[in-house]
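Engineer: One letter stands for each residue in the lines below.
There are 2 protein chains.
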Amino acid sequence: MRNFLFKIKYDGSAFHGWQIQPNGFTVQQAVKDAVGRIFNQDVTVNGCSRTDAGVHANEFCFNCRIETEMTCERIINALNAVLPDEAVIFHCEETDTDFHARFDCKGKEYVYLIDNSPYGNPFLKNRAYHYKYPLDEKLLDREAKAFIGKHDFAAFCASGSSVEDTVREVFSFDVVRNGDMVEFRVSGDGFLYNMVRIMVGTLIDISRGKIPENNLERIIASKSRKEAGVTAPSEGLYLNKVFYEDI
Amino acid sequence: MRNFLFKIKYDGSAFHGWQIQPNGFTVQQAVKDAVGRIFNQDVTVNGCSRTDAGVHANEFCFNCRIETEMTCERIINALNAVLPDEAVIFHCEETDTDFHARFDCKGKEYVYLIDNSPYGNPFLKNRAYHYKYPLDEKLLDREAKAFIGKHDFAAFCASGSSVEDTVREVFSFDVVRNGDMVEFRVSGDGFLYNMVRIMVGTLIDISRGKIPENNLERIIASKSRKEAGVTAPSEGLYLNKVFYEDI
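So the sequences go chain by chain: A and B. For the first sequence, the numbering used here begins at 240 and goes up steadily by one. For the second sequence, the numbering used here begins at 240 and goes up steadily by one.
Derived by calculation from the structure, the hints in this document are not laboratory data. Please note: incorrect hints may appear among the correct ones.
Because identical chains share one entry, a pair is satisfied inside a single copy or across any pair of copies.
[What the hints assert, rightly or not] Each computed SDA-like pair below joins lysine to any residue, with the alpha-carbon atoms no more than 25 Å apart:
1) Lys465 - Gly448
2) Lys364 - Arg447
3) Lys364 - His330
4) Lys449 - Thr470
5) Lys271 - Glu306
6) Lys364 - Gly256
7) Lys364 - Gly293
8) Lys371 - His330
9) Lys480 - Ile259
10) Lys371 - Thr310
11) Lys480 - Pro357
12) Lys364 - Glu298
13) Lys371 - Pro323
14) Lys364 - Lys480
15) Lys480 - Arg366
16) Lys384 - Val406
17) Lys371 - Cys311
18) Lys364 - Asn316
19) Lys364 - His255
20) Lys364 - Glu325
21) Lys480 - Gly418
22) Lys384 - Asn453
23) Lys480 - Arg416
24) Lys371 - Glu312
Use the sequences and the hints to build the structure in full.
Structural biologist: Here's what the structure looks like:
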């Protein structure tokens, strides 16, 4: 049995998220089915995290153990041939037997895209959040720096989440504009459920004056979900990079 | 009756081209229906050109005469509210009574996108041509300069086209790479049926050695469609800009 690390891109609008569930077709299911079809093996597919329905991945990592003598290149081509077009494996490498895509993950980078054009862009349907009101990316970039560091992010966790330790470290958080596109880029050692979407939604609430400037430290300290802003919609969110120590 | 010039973006994968036809939903039909629904008027919609099924528009221009007192801003919002999401009007202005989007057009710019990544990108499905073999964009950029100028482009016109005058002027033709994306950008006073797709396909044939370098002048002079290369697929083509003298 060889253990492989794979990297996959997927258009989240075609799936009900990553994780296998009884109702709805997921990326994990698509991968498990593809491996089953090519190798005639019922494998466990370990993802680096979950992504919600509608959330995209420029780079999502998973590992699984397969009995095969194929080269990595041939494995990629064989799996892509049977995967849906909306998911494409672009990297495969053999790893240590005990490598696990989730437990060995040291950090991730997410990107959130806002189409800030007045009327929307048909090429960004389901690929960015269309928000037509003014966004001052320089203000938001300054405000976002308050997220950087090791904090208890309980205020930025979807209520109802069962996670106990809500302390996470954010490494960087930048907001830049490129024409009509406003891009939020955040990296950290881990993220709570909906954390990036709540951070972005809170920044949008600051932009429209619903939350005053210079309040993020106070909101973080409150540890209260209701002090933070709205949850930005799923279609703007991309898992962009996954970090492993030895990779 | 006021005459309006509109600019619209559309995702060509959602339509059977621009022009109204008995079988298949087209952008022109969508616009005609939207105007009918908002203004209760049966209008003639004059497009700047036709685009084939699958071909996209970052900027396509059309004009039509509407009896209304609405402002341009309100007209845009009203029409976008009833147009399919895959087509978005982003500009409207009142013009001279006799302005005609096709007859007054002085030139156009097209962009052709090739996703030159090894395995393809799910976010570019139907939005770029996935071609995984090597493309030397510097060579193609040099070769493409042979298209510039006023030539009889009969060799680059789909066979069966009924057009009589096949002389056109190409103003510029550039090929650039941005990571895995290779972009062909061509402007001219007009283009024959499939002309851009045949020019791009011929450049691809040069890249893979099927047509030798430094042969485009000879191929143009031959005026023979069979001397030129393949027709590149529709999904990579975007009408990008439309030029009018007084706009």
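Engineer: The structure should be examined with respect to each hint, and the outcome stated for every one.
Structural biologist: Consistency of the hints with the structure:
Taking the shortest alpha-carbon separations for lysine 465 and glycine 448, only the intra-copy value of 16 Å comes in at or below 25 Å, while the best inter-copy value is 63 Å. For a Cα distance limit of 25 Å, the shortest separation of lysine 364 from arginine 447 inside one copy, 23 Å, qualifies, whereas the shortest one across copies, 35 Å, does not. Proximity of lysine 364 to histidine 330 under the C-alpha cut-off of 25 Å is restricted to the inter-copy arrangement: shortest distance 19 Å between copies versus 27 Å within a copy. Taking identical chains as interchangeable, the C-alpha atoms of lysine 449 and threonine 470 lie at most 25 Å apart only when both belong to the same chain, with a minimum of 14 Å there against 54 Å between chains.
For the homomeric pair lysine 271 and glutamate 306, the shortest alpha-carbon distance inside one copy (14 Å) is at most 25 Å, but the shortest distance between copies (58 Å) is not. Within a single copy, lysine 364 and glycine 256 get their C-alpha atoms as close as 18 Å, and across copies as close as 19 Å, so both meet the 25 Å cut-off. With identical chains, the CA atoms of lysine 364 and glycine 293 are at most 25 Å apart both within one copy (11 Å) and between copies (17 Å). Taking the shortest Cα distances, lysine 371 and histidine 330 sit within 25 Å of each other only across copies (15 Å), while inside one copy they are farther apart (37 Å).
Only within a single protomer do lysine 480 and isoleucine 259 lie at most 25 Å apart by alpha-carbon distance; the minimum there is 22 Å, versus 45 Å between protomers. Taking the closest pair of Cα atoms, lysine 371 and threonine 310 come within 25 Å of each other only across two copies (19 Å); inside a single copy the shortest separation is 48 Å, beyond that limit. Within a single copy, lysine 480 and proline 357 get their C-alpha atoms only as close as 30 Å, which misses the 25 Å cut-off; across copies the closest is 19 Å, which meets it. Taking identical chains as interchangeable, the C-alpha atoms of lysine 364 and glutamate 298 lie at most 25 Å apart whether they share a chain (20 Å) or sit on different chains (17 Å).
In this assembly of identical chains, the alpha carbons of lysine 371 and proline 323 lie at most 25 Å apart only when taken from different copies (18 Å versus 33 Å within one copy). In this homomeric assembly, lysine 364 and lysine 480 come within 25 Å of each other (Cα to Cα) both inside a single copy, at 23 Å, and across copies, at 21 Å. In this assembly of identical chains, the alpha carbons of lysine 480 and arginine 366 lie at most 25 Å apart whether taken from the same copy (17 Å) or from different copies (23 Å). When the C-alpha separation of lysine 384 and valine 406 is checked against a cutoff of 25 Å, the pair qualifies only within one copy, where the shortest distance is 17 Å, while the shortest distance between copies is 58 Å.
With identical chains, the CA atoms of lysine 371 and cysteine 311 are at most 25 Å apart between copies only, with a shortest distance of 18 Å across copies and 45 Å within one. For a Cα distance limit of 25 Å, the shortest separation of lysine 364 from asparagine 316 across copies, 17 Å, qualifies, whereas the shortest one inside one copy, 29 Å, does not. Taking the closest pair of Cα atoms, lysine 364 and histidine 255 come within 25 Å of each other both inside a single copy (17 Å) and across two copies (19 Å). Taking identical chains as interchangeable, the C-alpha atoms of lysine 364 and glutamate 325 lie at most 25 Å apart whether they share a chain (15 Å) or sit on different chains (8 Å).
Taking the shortest Cα distances, lysine 480 and glycine 418 sit within 25 Å of each other both inside one copy (24 Å) and across copies (17 Å). When the C-alpha separation of lysine 384 and asparagine 453 is checked against a cutoff of 25 Å, the pair qualifies only within one copy, where the shortest distance is 10 Å, while the shortest distance between copies is 55 Å. With identical chains, the CA atoms of lysine 480 and arginine 416 are at most 25 Å apart both within one copy (20 Å) and between copies (23 Å). Proximity of lysine 371 and glutamate 312 under a CA criterion of 25 Å is satisfied inter-copy only: 14 Å between copies versus 44 Å inside one chain copy.
Of the numbered hints stated above, none is contradicted by the structure.
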